[in-house]
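As you go down the protein sequences, you meet chains A and B in turn.
Take 23 as the starting number for the first sequence in our numbering and just add one per residue.
Take 353 as the starting number for the second sequence in our numbering and just add one per residue.
Careful: at least some of the hints might be erroneous.
For lysine-lysine, the following DSS-like pairs were computed, each having C-alpha atoms within a straight-line distance of at most 30 Å [stated by the list, open to error]:
| no. | chain 1 | residue 1 | chain 2 | residue 2 |
| --- | --- | --- | --- | --- |
| 1 | A | Lys-100 | B | Lys-607 |
| 2 | A | Lys-120 | A | Lys-86 |
| 3 | B | Lys-693 | A | Lys-136 |
| 4 | A | Lys-136 | B | Lys-660 |
| 5 | A | Lys-120 | B | Lys-435 |
| 6 | A | Lys-120 | A | Lys-100 |
| 7 | A | Lys-136 | A | Lys-100 |
| 8 | B | Lys-607 | B | Lys-435 |
| 9 | B | Lys-483 | B | Lys-435 |
| 10 | B | Lys-355 | A | Lys-100 |
| 11 | B | Lys-471 | A | Lys-100 |
What the simulated footprint calls covered on chain B by chain A, stretch by stretch (three residues with Cβ under 8 Å from a Cβ of chain A suffice, anywhere in the stretch; the number is not a length) [as the list claims (entries may be wrong)]:
| no. | stretch |
| --- | --- |
| 12 | 441-447 |
| 13 | 516-526 |
Short, incomplete list of chain B residues facing chain A, as computed with Cβ under 10 Å [claimed, not checked]:
| no. | residue |
| --- | --- |
| 14 | Arg-358 |
| 15 | Glu-450 |
| 16 | Asp-475 |
| 17 | Glu-478 |
| 18 | Thr-481 |
| 19 | Gln-586 |
Simulated from the structure, these hints should not be mistaken for laboratory data.
Cβ atoms here follow ideal geometry from the backbone N, Cα and C, with glycine treated the same way.
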Amino acid sequence: MWLRLIGCALVTVSCSALGFWKARQWKEHRKLLEDLRRLIYLLRGEILYARSPLGEALERAGSKSGGPAAVWFCQVAKRLEQQEGQPFSRIWQQELDKQAGAMLLSPREQQELKEFGEHLGYLDVEMQERTIALYLEQLDMTIGFYRDHEQERTRMCASLGIMGGLFLAVILC
Amino acid sequence: MEKQDRLLRIFAERIRKVLEAAELDFESLQEIRLRAGRPLLILYGNREYLLLENGRLEEPGRGRLRENGTGSPVCAVRPEELKETLEYIGNHSLYAFEEEIRQGFITIQGGHRIGLAGKTVVDGGEVRTMKYISFLNVRLAHQVRGCADPVMPYLYEDGRVLQTLIVSPPRCGKTTLLRDMIRQISDGPKAGAGKRQAEAEGSGPSRPPRAVLPPRGVTVGIVDERSELAACYQGIPQNDVGFRTDVLDCCPKAKGMMMLIRTMAPDVIAVDEIGSREDLEAMEYVMNCGCRLLATVHGNSLADVEQKPVLREMVENQMFERYVILSGRQGAGTIEEIRGKGGELCG
């Protein structure tokens, strides 16, 4: 009997923890996207104001910030510095694939970032400005979506966790 | 070796491999010319060569025979390879070189200058940009320490640097000479230079009588519009231009000279390849501020300089005190003559 009760309590606690973890991940995801947006703003400053080449701009932006997106920026800059003889978009995508997990990006967000990389460095400064502005717009919409739904999503995840745990406990009993 | 690797990395993969296979001595390598759909040519030890696919060098006439199937074909540059090379030259960021492309060149790390030609996009009479870039000329920069040694005693009078103009045709080493002059003026005379100078004055009648070398170096300001003199990379000179030298990199000469005067208080200002009216006005301003000026200009002789409208005025007004005339007669950097402010021969 005691064992059954302990088992039910464990199921309830772990399901609740899972719910809270999911809720936290939603917030974390939004925070990471905001970090990415800050980095893109820094990149824009480097390109438009200092006219820095991509390698230098990514390195400077990355070193001013922290988190997985900054690590990704620095990695891309490092590979550009090595001049491996590969197109920029390929380096950008390869490094993104390595960091995508840590950045908690959804497949759609990854795709948007890859497309952004394909157009970076193309033509003149005006083109860079427009490319960055377009991506920032997409990013703002994504962040807006995460912020708008944050409260209901976190509540829902937490409630589902607790309720699911209780439900399982009842069934097990 | 690292510098060599860095330079090779600007080329498309296949061209890079062929150049690696050629095992060239980079000290003798002067130019690499790439033209879309045409053979790759190099200027090596003052001679022009075709590069073959197997990395061997061939003189142009014979290379064409080999193209017909007898032996290794010449290394022809494909249009897509040229595009790829351009991408690497611009660090995947051609937008950062808009102004340079407009002027027809990009300077890369190490001070090597890449000349560009293609179709220009003109807007309101001004070149807006260049597209279909199909011709590249990679000109390698070589730092030759001590190449200004024979000239240095003529550049001083009573311990002060003279207003000096280097006159030289293209590819005859004017930038290299100017760079070494800057270094020596900035660092100061070498130990024992005074003694050697005194000896030389005793034996050489043509030597200027009061060319006393200063006890130490002086502050030099460089306006390095094309990043060729100091070859700055992220603001740090890659070439040795002396430890009392300040560099204003990628700055238009006329504006840069004024900025240096106002901010860095240089004793000497150095500029390369003067030409426009604005440059010359700024030079006059510099000279009248008590600053000494070192400049270079294209030309074969002093007579050529006198043909240029504004420069003629400066020569007539004896604003320059020394003219160093270079040629390529005995290889780049041959000092033909050194003249004084009235055009008299000094050396």
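Outcome of the hint check:
1. The straight-line distance between the Cα atoms of Lys-100/A and Lys-607/B is roughly 35 Å, outside the 30 Å bound, and the hint therefore fails.
2. With a C-alpha separation of about 21 Å, the suggested pairing of Lys-120/A with Lys-86/A holds against the 30 Å cut-off.
3. Taking the CA atoms of Lys-693/B and Lys-136/A, the gap is near 63 Å; set against the 30 Å cutoff, the hint is violated.
4. Between the alpha carbons of Lys-136/A and Lys-660/B the distance comes to roughly 54 Å, so the proposed pair goes past 30 Å and is violated.
5. Of the pairs offered as hints, the one joining Lys-120/A and Lys-435/B holds, with about 29 Å between alpha carbons and a cut-off of 30 Å not exceeded.
6. Straight-line distance between C-alpha atoms of Lys-120/A and Lys-100/A comes to about 14 Å, which keeps the hinted pair within the 30 Å bound.
7. Distance restraint check for Lys-136/A and Lys-100/A: the Cα-Cα separation of roughly 18 Å lies within the 30 Å cut-off, and the hinted pair is therefore satisfied.
8. Among the hinted pairs, Lys-607/B with Lys-435/B is inconsistent with the structure: their alpha-carbon atoms are about 34 Å apart, more than 30 Å.
9. Distance check on the hinted pair: Lys-483/B and Lys-435/B sit about 11 Å apart at the alpha-carbon level, within 30 Å; holds.
10. The straight-line distance between the Cα atoms of Lys-355/B and Lys-100/A is roughly 18 Å, inside the 30 Å bound, and the hint therefore holds.
11. Between Lys-471/B and Lys-100/A the CA atoms are separated by roughly 33 Å; this puts the pair beyond 30 Å, and the hint is violated.
12. As drawn, the stretch 441-447 of chain B meets chain A at 6 residues by the rule of a beta-carbon pair under 8 Å; at three or more, the given contact holds.
13. Residue count for the stretch 516-526 of chain B with a Cβ under 8 Å from a Cβ of chain A: 0. That is fewer than the three needed, and the coverage hint is violated.
14. Checking Arg-358/B against chain A: minimum C-beta separation of about 8 Å stays under 10 Å; hint holds.
15. Among the interface hints, the one on Glu-450/B holds; its C-beta lies about 6 Å from the nearest C-beta in chain A, closer than the 10 Å criterion.
16. Of the supplied interface hints, the one on Asp-475/B is violated, with its beta-carbon coming no nearer than about 12 Å to a beta-carbon of chain A, more than 10 Å.
17. With its C-beta approaching chain A no nearer than about 15 Å, Glu-478/B sits outside the 10 Å limit, and its interface hint is violated.
18. Proximity of Thr-481/B to chain A holds as hinted, the smallest CB-CB distance being about 7 Å (cut-off 10 Å).
19. Because the closest C-beta pair between Gln-586/B and chain A is about 7 Å apart, less than 10 Å, the hint holds.
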